[in-house]
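*Asks:* Okay, here's what each chain looks like letter by letter:
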Amino acid sequence: MVIRTLSFILLAAASLAAVTLAAPAPAHSREIASLEGIQRLKIDNDFEKPEDVVQYYCARDASGFVWSGFMDLERVAFTTWQTMPQFETFYIARDYRLIKPDQPGPDPRFAEIDVVYDIVAIGDGHGTRMPAPNPQHRVTYNLKLVGGRWKIVSPSANSLSPVVVESKFFFAPR
Amino acid sequence: MKQPRTKKQIPERDRRPVRVRSLFVSVFFAVLSVASVALSNGFQLTPVDKWGKGKIVIARHGKLVGGESEGPVLLTGDDRRGNGWTGIPVDEKGNPTSSDSNQTVVLNKDYNKYLVERSAITTNADQARMMIQSRPPAPTMERRSRDHRTGQGQDCRVEINPDDFKVTIHPLAGASESPAADGHSVPTAPPGGIIHGNGSDRFPASAGNSGRANGFPARGDVIDTLSSAAEISNRARGINLVEAATATRRIIESNARSDQNRLADAYRSMPIQQVSGFLSQAQKSLEDLASNLESTDASSLDRSDRARFRNLFLNAADKAKFGLGELEKERAESEALKQNSPFSNLLGGGAGSMSNSGRRALEDIFKQSEGDDQANTNDALVNRLLMFNGLSPEQQRAALSKINLKDRVKLKLKNGKQADFDLLHNGYIFGGSKTSLDCSSFVSSILPPDARKGRFTTMDFLAIWDYLISGKFPVPPVYEKKRAAALREAADAFLPLDLKLGAELAPGDLLVYRIDNDPAGHVFIVKKYYPDRMTADLIDMSQTAGSVVERSQFPLTLMPVSSGKRFLKPGLFALRLKPVSNKGCQYKDDQKREPAAAMPKGAAW
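Protein sequence lines, in the order shown, are assigned to chains H and D.
Residue 118 in our numbering sits at position 118 of the first sequence, with consecutive numbering throughout.
Plus 174 on top of the position in the second sequence (first one is 1) and you've got our numbering.
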């Protein structure tokens, strides 16, 4: 009887743990400290590695600046795009991570960096929210060395949807 | 050693607690298992919990429309284009059987066959499964069915029982029936309203319908006359809207340039030593404004505009910081050079000057777009915000009296303090109370992508279109209550055009591109439509250039003219501004025509 009771307690604890882990994370608190964690503007491209350029772009994107407020100075400094991104809505992500290739490509003037986002929804600045088609969104950034500086060549501005991160963009729909 | 008792040896009264405990354990784990599965499905269960029942409907075509079936179809919901449902072929267990899937089912007048056309909503089985879980079918839908080849069709009401998903189809009123017999009101043409073509595609000549009024005038010359007069009137109105939209944009650019020059005047003859002070003041002020916008509880600016301007303020603050950095660098170099050179009195060019390299560095920081000197771009606005916020309060008041594009914003912070401020902008700032605009301004504010962020996005237009077609507000997306109410009011300004059912575009119409599961979206104003080619001349507005762009012969279909069936490009739909003042917008030259007759929500133009 003691063994049965102990077994029951152990199994109950294990199940509760499983349910808790499977449960969605609680909604992020709205009390984010103002302006912390936001990627601020850079106008000089002094990055030496292509992944640093992608990291900067993704951090700006995560803070909402690609959706609204991407400066032409940035476009010129960090990309080879001829136009600016023009999206009214955006993906909302929980987080993202950069994936560098294991080996460099055949041409040292070109680089490819993957970014994988954990997508929560699609939303807009008014608080409207739509389910996303996939829980993961993967973007492959192709960069080129231009005048000694790494710049994003593709995806193009028209095809690269903005992705904000819930914890960095206060105005993302909850 | 004591032997354990067998079951037979244990008295009945001692066995009962064991059975109860076992039962409790079984039930407990069953509930936990269901909850775990429910919470940990590979996609997102949250949307299902939040928006729908999550049930999967499986229906054979034999049950749905009668006649032969090509296999079961898993219904994913109505296709939002007024044609029918989306569905994908599945096996008996409901698993998609094809990765190239999602076809629109269209009911034809006899209901014994179905027409299927590809929809680009998804071509991936996993995506389809996601959509299934997030979009249960509506319990009742009113649909027009139409055979694309013959133009024949029949209105019908389709009911799905939410408990057993049994489908029942009711043909709607015919010639001999009273319009009110089945509770469905029949559409009437509003005075000065819109009738396309010669009306034949609006009055299907199916058996039982011949000679019926259906609420419209009788056929023949009367229709043609009404068509011509109505068409001419609406074309003129549409052309006026196109011209007004482009004119408004030019006026805004002119006003922005004027504002820019006025603000620059204060800095033109300023000695370099004083610029630092202004940049420092601007940086602090802009950081405070950005912080206030994030911590506000209530504001006359709506949420999206607060987000936009927070970003602009931060960019302007950063630019001020870079400028300060360059000036400090210049000062340090100048001091170092003076210490090391016998000509120190001559170096530096005297008070108030800067070296060429320092000047170039400042120019790089404060210039606008390369090759583009439009004053109504975001970059130009950032410079104006920087210049304005660097001025003293007295200088700001003096400047405000001459600035065109400005607004006084009310902000109440979370700590209860009031933090109102003067906002410079690029036009189209609408406070919470400014909901009813002049219709020309309304259309003009729809075109620029940046203005749409603060007004109505293409996601909103799709919801408006769905609402006007079906009478129900679509869910998803999930709207905040206040926003949903604003959209319902804005919907009153429009008539939906069902391009798939043959409605033709006219000048002034809004052609919208939006795919449900993608953030991409765009709005064009139609300048001219070529129905035989299914192409259109469109007005577009580029955010980069801040100016109007014209696109000629934009194709609405990917199929050649010679093709018998020419399907619309996925994601395209259209809205027409009502020709009379309404809740959404007012016409300045309103001649007090009678308001458009109330259209039943299911009617499509």
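Hints listed in this document are in silico derivations from the structure and should not be mistaken for laboratory results.
We treat Cβ as the ideally placed atom computed from N, Cα and C, and that holds for glycine.
Watch out, some of these pointers could steer you wrong.
[Said to hold, decoys possible] Sample of chain H residues lacking proximity to chain D, with all beta carbon distances greater than 12 Å (derived):
(1) G105
(2) D124
(3) K151
(4) S159
(5) V164
[Stated by the list, open to error] The calculated label-pair distances, taken between Cβ atoms and stated as ranges, are:
(6) H:E48 x D:K584: 45 to 51 Å
(7) H:D107 x D:M444: 48 to 54 Å
(8) D:S726 x H:K49: 51 to 57 Å
(9) H:T140 x D:R442: 33 to 39 Å
(10) D:N691 x H:R40: 29 to 35 Å
(11) D:R707 x H:K100: 29 to 35 Å
(12) H:S156 x D:E724: 19 to 25 Å
(13) H:S167 x D:N578: 27 to 33 Å
(14) D:M444 x H:G148: 44 to 50 Å
(15) D:P734 x H:T80: 32 to 38 Å
(16) H:D107 x D:K646: 53 to 59 Å
(17) D:E724 x H:T140: 30 to 36 Å
(18) H:T80 x D:N691: 27 to 33 Å
(19) H:K49 x D:S428: 41 to 47 Å
*Asks:* Does each hint fit the structure? Answer for all of them.
*Replies:* Hint-by-hint comparison with the structure:
Consistency note on H:G105: stated as away from chain D, and its beta-carbon is indeed over 12 Å from all of that chain's, at 29 Å minimum. Annotated as non-interface, H:D124 brings its C-beta within 12 Å of a C-beta of chain D; the closest such distance is 5 Å. Against chain D, the non-interface label of H:K151 holds: every CB pair exceeds 12 Å, the least being about 14 Å. Non-interface status of H:S159 relative to chain D is broken: a Cβ of that chain comes within 12 Å, the nearest being about 8 Å off.
For H:V164, the requirement that its beta carbon stay farther than 12 Å from each beta carbon of chain D is not met, with the minimum near 10 Å. Between H:E48 and D:K584 the beta carbon distance is about 47 Å. The supplied range of 45 to 51 Å therefore holds. Checked against the hint of 48 to 54 Å, the C-beta distance between H:D107 and D:M444 comes to roughly 49 Å, which is consistent with it. Look at D:S726 against H:K49: about 44 Å separates their beta carbons, and that is not inside 51 to 57 Å.
Our hint of 33 to 39 Å for H:T140 and D:R442 is violated, since their Cβ atoms are close to 48 Å apart. Distance hint for D:N691 and H:R40: a CB-CB separation of about 32 Å, consistent with the stated range 29 to 35 Å. With their beta carbons about 49 Å apart, D:R707 and H:K100 fall outside the hinted range of 29 to 35 Å. Taking 19 to 25 Å as the suggested C-beta distance range, the pair H:S156 and D:E724 conforms, at roughly 22 Å.
Separation of H:S167 from D:N578 is about 39 Å and departs from the stated range, judged on CB atoms against 27 to 33 Å. Range check, D:M444 to H:G148: Cβ separation about 36 Å, and the 44 to 50 Å hint is violated. At roughly 35 Å, the beta carbons of D:P734 and H:T80 sit within the given window of 32 to 38 Å. Separation of H:D107 from D:K646 is about 55 Å and conforms to the stated range, judged on CB atoms against 53 to 59 Å.
Taking 30 to 36 Å as the suggested C-beta distance range, the pair D:E724 and H:T140 conforms, at roughly 34 Å. A hinted range of 27 to 33 Å holds for the C-beta pair H:T80 and D:N691, which are about 29 Å apart. In this structure the hint that H:K49 and D:S428 lie 41 to 47 Å apart at CB holds, the actual value being about 45 Å.
Hint compliance for this structure: hints 2, 4, 5, 8, 9, 11, 13, 14 are not met, and every other hint is.
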